[in-house]
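Asker: Build the full structure now, drawing on both the sequences and the hints.
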Amino acid sequence: MDGKWRRFLLIGTPYLWLLLFFLAPFVIVLKIALSDAAISIPPYTPQFDLSAGWPGIVNFFSNLDFENFKWLIDDSLYINSYISSLSIAFFSTLLALLVGFPFAYAMAKAPDNWRPLLLMLVILPFWTSFLIRVYSWIGILKTEGLLNQFLMWLGVINDPMIILNTNTAVYIGIVYSYLPFMILPIYSTLEKMDESLLEAAIDLGCNRFSAFWLVTVPLALPGIIAGCFLVFIPAVGEFVIPDLLGGTETLMIGKTLWNEFFSNRDWPVASAVAIVLLLLLVIPILVFQRLLERQQEAEAR
Amino acid sequence: MRRFSWFNATSLTFGFAFLYLPILLLIIYSFNASKLVTVWGGFSVKWYAELMRNDAMLDAAWVTLRVAFFSAGLAAVLGTMAALVLVRAGRFRSRTLFSGMVYAPLVMPEVITGLSLLLLFISLNLDRGMLTVTLAHTTFSMCYVAVVVSSRLVSFDRSLEEAALDLGASPLDAFFSVTLPIIAPAVIAGWLLAFTLSLDDLVIASFNTGPGATTLPIKIYSAVRLGVSPEINALSTILICVVSLGVILASLADKRLAKTRNERAG
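Listed in order, the protein sequences are those of chains A and B. All residue numbers for the first sequence refer to my numbering, where the first residue is 1 and numbers rise by one. All residue numbers for the second sequence refer to my numbering, where the first residue is 1 and numbers rise by one.
It is worth saying that the hints were derived from the structure and are not from the lab. Computed from a predicted model, the values in this text were never measured in an experiment. Positions of the beta carbon are idealized from the N, C-alpha and C atoms, including for glycine. Be aware that one or more of the hints could be misleading.
Straight-line distance between alpha carbons at most 27 Å, and here's what the computed DSS-like set of lysine-lysine pairs gives [to be verified]:
| id | chain 1 | residue 1 | chain 2 | residue 2 |
| --- | --- | --- | --- | --- |
| 1 | A | K109 | B | K259 |
| 2 | A | K192 | B | K35 |
| 3 | A | K192 | B | K255 |
| 4 | A | K192 | A | K109 |
Where chain A lies over chain B, by a calculated footprint (3+ residues, C-beta under 8 Å) [unchecked claim]:
| id | segment |
| --- | --- |
| 5 | 23 to 36 |
| 6 | 78 to 88 |
| 7 | 196 to 205 |
| 8 | 230 to 239 |
Answerer: Right, here's the structure in full:
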């Protein structure tokens, strides 16, 4: 086997796999999003028929309509789902930052020989089942659950609070599930920080708080931004958490897509929902990638 | 010795309590004799016994293990190849497309990946079942493997490989006798990651499975939706213990390996 062939095989194998199982499926989703719904199996009428040759292609473009996308705009359910997904993801990210930053900061300040253990303890929940970790909150947040029992025992409240099946439970679930994604990048920037910079700031007249605000936070910014993206992006499309912990008021696009597909069996609309969700996420993903590249360039220098 | 303030100590305590209390409570209540999940009725292992008698659950566990095993194996091979392409192949046409396709599945919402793969399998006329779930899992987990392995490849000293080539090894020999042993910890870590991702996946499996190939997460999910059953606590406890033990052993082994290597080098 000569070098050229080897190279071809090495590049070609994963390339073809991804083309077939990653890119081609999106083309199909797009195609179905542009089709009409039909009561049949599969439940849509394809608008694009390659086997019909050139007339098929002409037919596709002459009949091209975006009715499934128009449908998304006309029915407020979809717009509300998108908006509420974005806002739930946004506030969860903010909460995760509030919980994660002090945590990461304390980890970075911990004695050197503790750190590998602390790091391991943060990563360990990430390896254990996501579904089980979300499920474990049901027993805690239920009306007769452990949290209410505990608070009533303490005497903080007299009547149990309703937390499960509300948006509050969804926030708790998202912050809990994605917290390691917030902690790890912030920790890695704080850990690399040069302590002498803080000392210099204090020598130059900063108090502890302003030194923290003017030196530590800006230096940790790449980690903060990375952590926020790592929580925000998956939270937008989240399905399991709103379904298990959320209630009827909880509207998230992942769940809407799921219902559209499995309950209403409207494949074209489900596909259109997926395409719009993808477009919504492309912007933050591109911004994130750009930031990552810039950071890598800065580190390489 | 730096001062470790009470503020830092409290953040760590509360943080870890938040991360671990739910899991701990789940484990404690799996030994609860009462059927009511929140009432303590004494210590009992009856839910574990019940679980062992639940054939549907055991079947699902077996399906899940097989899918995870095969998809992690395929993902380790394809992901390592993809990592080699990303780090080593230099420029080739449509490289941007390739790296885009490697990184995109990492951030893609599961509902979209699941839906799009299902529509692909339908248009290919593939019957949904173990095969389609395995293919789906391979596709998204190979990308995780690629990221893990490429971070190891970046710090790899290529002169070792060149030395092997100078000494007469064929490129394939050099890869298998020099490169692969050095990146092996990353490949194994990638395999483990792919394996647990597959064990854990609910959404993509739900879209791509068919009758007869119900995976454990799907089974757990439907049980949970019908109402919390104490058996699920027992099952979760077993899964948590197995995975934690695996991760701890793997990290200890890695540390050991690094230590012996350092001793040899020093």
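Asker: For each hint given before, does the structure comply? Return the numbers of the non-compliant ones in rising order.
Answerer: Number 2 only.
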